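J.: Chain by chain, the residues:
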Amino acid sequence: MIRRNTIPFGPQHPVLPEPIQLHLVMENEKIIQALPAVGYIHRGLEKIAEKKDYIQDVYLAERICGICSFMHSQNYCQGIEELMKVQIPDRAKYLRVIWAETHRIHSHLLILGLLADAFGFENLFMRLWKVREQILNIMEKTTGARVILGVCAIGGVKRDITPELSEYILRELEAVEKQLPELMDSLLKDYSVKQRLIGVGVLPKDKAHELGAVGPVARASGLRMDLRETGYAAYGDLDFKMVVGEAGDCYDRTMVRVKELYTSLDLIRAALKRMPQGPISVAVKGSPPADEVLARIEQPRGELNFYIRGNGTRNLERFRVRTPTFANLPALLHQLTGCELADVPVIAICIDPCVSCTER
Amino acid sequence: MLNHVSEITLDQISTEVWKLKQDGYRFVTMTCCDRGESHDILYHFDKNYELKHLRVTLPRGTALPSISSLFFAALLVENEMKDLMGVQVSGMAIDFQGRFMLAEGSPVAPLNKSIPGIGIQIQDKTPSAPEGTVKS
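Protein chains in written order, with the working numbering: chain A, 1 to 360; chain B, 1 to 136.
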């Protein structure tokens, strides 16, 4: 006999780092419909941005997310620079890449650790987060902060990386890279882990495109989509190679993130090697922004969009944020439909949900 | 700058969005701006890293036709616009009835200019400051 029940998954659940609720309509153990309920941590940041000076909004943008914070400030600065026709120094572009990629590594290690925790591999979770500490140390040593770096500014960056710091970063990256193979083998080759990931939460390529999926979720389904290919900041000079999966399941999403760790390590090394000498910022002159722009960059979770509209005053007319998790929610609902209840934690974690960004 | 912007009317929305879908565009997001007597609605689409935008001027009190039957992903941002900007959207695939982003007892359409921010003074004192903001 088929029994239909509705199970609320979250807002508080051991696998969820932040509160979001999924209403799961079940037939026995199978999910036949999933609906999201958000708003638990909506902060009204878009409204606050209109009340602040557009330069103060750099700090506000950085605080949208507590994981990929630098990239929020970078995207905001890139948007304002485009509106005000500010050309930043080449060295600043490379420095932005270095800090953005360290953020990507720490974010991917964070979610891979949480994934290990979700399927009960606590030792792997702790070891992944131990490696992540070394990346946080790099950020602390180079900027004075571990996550909210506060180094991005309209016109460039506020801090430089000296040759000594550059040597230190290279040493740390080498130490990190040495630890990765063993950990990644546990994630990608372990029998039990594969049983939990392969064929779970499948998102076909055409569905990923139709539902507007972004980032590793889209790439794991075979969509070739990574804004770093457009060459913003210094990516155009760094031989960036996109990582793409095929099967569109939780295993491929994990595999894409694992391979992207190595891509980011290579990008940081290349940026340190090729970074030109020179100033790290320019003075920003001229009237406040009076036009509109849709600024985009590739975050660890995918494409981040900021719609920025100025009105010629120091206050923005509109600042709208579309985060990658928001774009991946429809894809999550599709993946959940038809799956078993026991797979929900792994599927939910595999989109790398960042709820505080999503709700702003 | 926002390039490739097409200004369309309300009754052209479905047709134009359908054409973009047929051309292989991906739905990126929608943006709503409060312009006083009307809302500016922008639809953003992407194909091979090229953005295309549709702009609709929506007079206050007029319902916006949903595009969630064409792009399911649009239903979340349409529900958000309903909550935060007070835009009425007709024909949404799922209507959260104004409780998508906001809880009971929240301000109505808090992102509209007529709702002042709480405890934050506007920095700019020039006459061209946005309408409805709190002046010090």
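Incorrect hints may have been included.
Restricting the straight-line Cα-Cα distance to at most 25 Å, the calculated cross-link-like pairs of lysine to aspartate or glutamate (DMTMM-like) are [stated by the list, open to error]: (1) A/241 with B/7; (2) A/189 with A/82; (3) A/205 with B/7; (4) B/113 with A/317; (5) B/52 with A/81; (6) A/207 with B/104; (7) B/47 with A/291; (8) B/21 with A/90; (9) A/285 with A/18; (10) B/113 with A/53; (11) A/130 with A/190; (12) A/205 with B/40; (13) B/21 with A/229; (14) B/21 with A/81; (15) B/52 with A/317; (16) B/52 with A/229; (17) B/47 with A/206; (18) B/52 with A/206.
Derived CB-CB ranges, DEER-like [to be verified]: (19) A/166 with B/91: 52 to 58 Å; (20) A/12 with B/49: 47 to 53 Å; (21) A/7 with B/93: 38 to 44 Å.
Calculated directly from the structure, the hints in this document are not laboratory data. Bear in mind that the values here come from a model prediction, so they are computed numbers and not experimental data. Beta carbons: idealized from backbone N, C-alpha and C, even for Gly.
J.: Taking the hints in turn, state whether each one holds.
T.: Results for each hint:
With a C-alpha separation of about 37 Å, the suggested pairing of residue 241 of chain A with residue 7 of chain B is violated against the 25 Å cut-off. This hinted pair does not check out: residue 189 of chain A and residue 82 of chain A have alpha carbons roughly 45 Å apart, beyond 25 Å. With a CA separation close to 31 Å, the supplied pair residue 205 of chain A and residue 7 of chain B exceeds the 25 Å bound. Between residue 113 of chain B and residue 317 of chain A, the direct Cα distance comes to roughly 9 Å. Compliance with the 25 Å bound is thereby established for this hinted pair.
Distance check on the hinted pair: residue 52 of chain B and residue 81 of chain A sit about 21 Å apart at the alpha-carbon level, within 25 Å; holds. A threshold of 25 Å between alpha carbons decides the hint, and for residue 207 of chain A with residue 104 of chain B the separation of about 34 Å lies outside it, so the pair is violated. Distance hint between residue 47 of chain B and residue 291 of chain A is fulfilled; the C-alpha atoms sit about 23 Å from each other, no more than 25 Å. Between residue 21 of chain B and residue 90 of chain A the CA atoms are separated by roughly 38 Å; this puts the pair beyond 25 Å, and the hint is violated.
Note on residue 285 of chain A and residue 18 of chain A: the hinted pairing is violated, with a Cα-Cα distance of about 40 Å set against a maximum of 25 Å. With a C-alpha separation of about 16 Å, the suggested pairing of residue 113 of chain B with residue 53 of chain A holds against the 25 Å cut-off. Our distance criterion of 25 Å between C-alpha atoms is met by residue 130 of chain A and residue 190 of chain A, whose separation comes to about 20 Å. For the proposed pair residue 205 of chain A and residue 40 of chain B, the alpha carbon gap of about 33 Å is over 25 Å, so the pair is violated.
Between the alpha carbons of residue 21 of chain B and residue 229 of chain A the distance comes to roughly 23 Å, so the proposed pair stays at or under 25 Å and holds. The hinted pair formed by residue 21 of chain B and residue 81 of chain A fails the criterion: a straight-line CA distance of about 32 Å is larger than 25 Å. Proposed proximity of residue 52 of chain B and residue 317 of chain A is supported: the alpha carbons are some 21 Å apart, at most 25 Å. Restraint check: the Cα-Cα separation between residue 52 of chain B and residue 229 of chain A comes to about 19 Å, which is no more than 25 Å; the hinted pair holds.
Using a Cα cut-off of 25 Å, the hinted pair residue 47 of chain B and residue 206 of chain A holds, with the two alpha carbons roughly 14 Å apart. Pair hint residue 52 of chain B plus residue 206 of chain A holds up; C-alpha atoms about 20 Å apart against a cutoff of 25 Å. Between residue 166 of chain A and residue 91 of chain B the C-beta distance comes to about 57 Å, which sits within the given range of 52 to 58 Å. Between residue 12 of chain A and residue 49 of chain B the CB atoms are about 39 Å apart, so this pair departs from the stated range of 47 to 53 Å.
Range check, residue 7 of chain A to residue 93 of chain B: about 22 Å between beta-carbon atoms, so the 38 to 44 Å window is missed.
Hints 1, 2, 3, 6, 8, 9, 12, 14, 20, 21 from the earlier list are contradicted by this structure; the remaining hints agree with it.
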